[in-house]
Amino acid sequence: MRYYLYNFILETDICFEMLTECRMEIQEDDNVILLFVNEELEEDPEIILPFKEDITYYLCPRDNKIYVKTKNLKYLYSSLFNIPMSLFSLFKGKAIIHCNAIEFDSALYCFSGNKGIGKTTLAMFLEKYCSIFSDDCVAVDMDCNNLLYGYRAAHTLKLCKTTFDIVMSDRRYEDYFDDISQKASISLPNMDYKRLPIKKMFFLIRGEDKRFVCDKVESVIVKRVLLIQAIVGKDYIPKSVIEIFGHTRLFDEIVERIPFFIVKIPPMSEYNLQIPQFLNTIIEEGARIW
17 MRYYLYNFIL ETDICFEMLT ECRMEIQEDD NVILLFVNEE LEEDPEIILP FKEDITYYLC
77 PRDNKIYVKT KNLKYLYSSL FNIPMSLFSL FKGKAIIHCN AIEFDSALYC FSGNKGIGKT
137 TLAMFLEKYC SIFSDDCVAV DMDCNNLLYG YRAAHTLKLC KTTFDIVMSD RRYEDYFDDI
197 SQKASISLPN MDYKRLPIKK MFFLIRGEDK RFVCDKVESV IVKRVLLIQA IVGKDYIPKS
257 VIEIFGHTRL FDEIVERIPF FIVKIPPMSE YNLQIPQFLN TIIEEGARIW
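Using our numbering, the first residue of the sequence shown is number 17, and each one after it goes up by one.
These are computed hints drawn from the structure, not numbers from a lab.
As the structure is a computational prediction, the values presented were derived from the model and not from experiment.
Hints should not be assumed to be uniformly reliable.
Unchecked claim - Just the calculated beta-carbon pair ranges, DEER-fashion: (1) 268 <-> 161: 38 to 48 Å; (2) 109 <-> 198: 41 to 51 Å; (3) 226 <-> 30: 12 to 22 Å; (4) 78 <-> 184: 39 to 49 Å.
To be verified - Below, computed lysine-lysine pairings styled on DSSO-like, alpha-carbon distance capped at 27 Å: (5) 226 <-> 210; (6) 226 <-> 239; (7) 280 <-> 232; (8) 108 <-> 226; (9) 144 <-> 174; (10) 239 <-> 108; (11) 280 <-> 199; (12) 199 <-> 177; (13) 232 <-> 144; (14) 210 <-> 87; (15) 108 <-> 144; (16) 87 <-> 174; (17) 177 <-> 215; (18) 90 <-> 131; (19) 280 <-> 131; (20) 232 <-> 199; (21) 81 <-> 177; (22) 90 <-> 199; (23) 108 <-> 81; (24) 239 <-> 215; (25) 81 <-> 144; (26) 144 <-> 90; (27) 144 <-> 131.
All residues carry an ideal CB built from backbone N, CA and C; glycine is no exception.
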């Protein structure tokens with residue numbers, strides 16, 4: 017079976033219901049990844065990643081292969097799209113950013129931040145005025161015209177109980193609970209594989225005010241640090257990972273060409289009142305405090 021996975025095509029015997037199946041004929045220059053689960057390795061991996069307690073990844077980007085050892089496929093479904101694919105993509109000269117993304121006026125606005133900051137919650141409130149493009153990660157690549165585009169992976173949302181109770185008040189949280197992610201997993205129908213230009217990136221932090229405060233990041237050093245954290249997470253930055261960034265010019269292109277903003281978010285109780293103004297702010301060319 018073949019699936020669209022960011023800007024790659026994943027070929028595997030494992031069924032991924034959360035991915036969009038690829039039914040097109042594969043061309044020689046397509047970015048095809050071969051995924052093997054609990055099979056013997058045929059080559060030495062570039063990276064060995066014991067990502068979780070019960071799953072280990074053996075990444076072989078030079079051979080376009082990923083080997084996985086696990087006793088529970090749930091761990092594969094919950095982890096493949098994150099750090100393993102981030103590291104694999106960097107070897108291939110591409111970048112995967114951990115963020116939520118909304119689609120507005122045929123462009124992407126990406127929201128990154130530490131785990132639990134409320135990226136999905138914010139996206140769900142913004143969905144009243146735009147479309148959710150991705151809930152977990154967005155892959156970035158350049159086309160032949162050197163335009164930066166974003167691609168999605170899974171067509172699912174993962175909601176904490178607070179957000180679930182607000183946006184799906186007529187459903188039972190327990191019926192959708194995933195014990196691996198510790199969140200409710202919601203399928204998003206009719207989400208076709210596509211790419212869209214990335215307009216802006218926002219990095220969320222807790223604020224002390226009852227309003228959104230959006231400040232543009234001017235420092236290149238700060239932008240680089242924010243982007244590294246958005247790609248591999250702040251808790252997984254060994255020297256070997258930093259060296260991998262040298263495999264791609266794409267990292268510097270993102271820093272140079274996409275505007276970055278730091279957003280101080282208010283308590284969720286203020287969202288209904290503040291979201292319309294916040295959306296107007298983020299789609300403007302410059303940010304402002306209001």
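Looking back at the numbered hints, which does the structure fail to meet, lowest number first?
-> 1, 2, 3, 5, 8, 14, 15, 17, 20, 21, 25, 26
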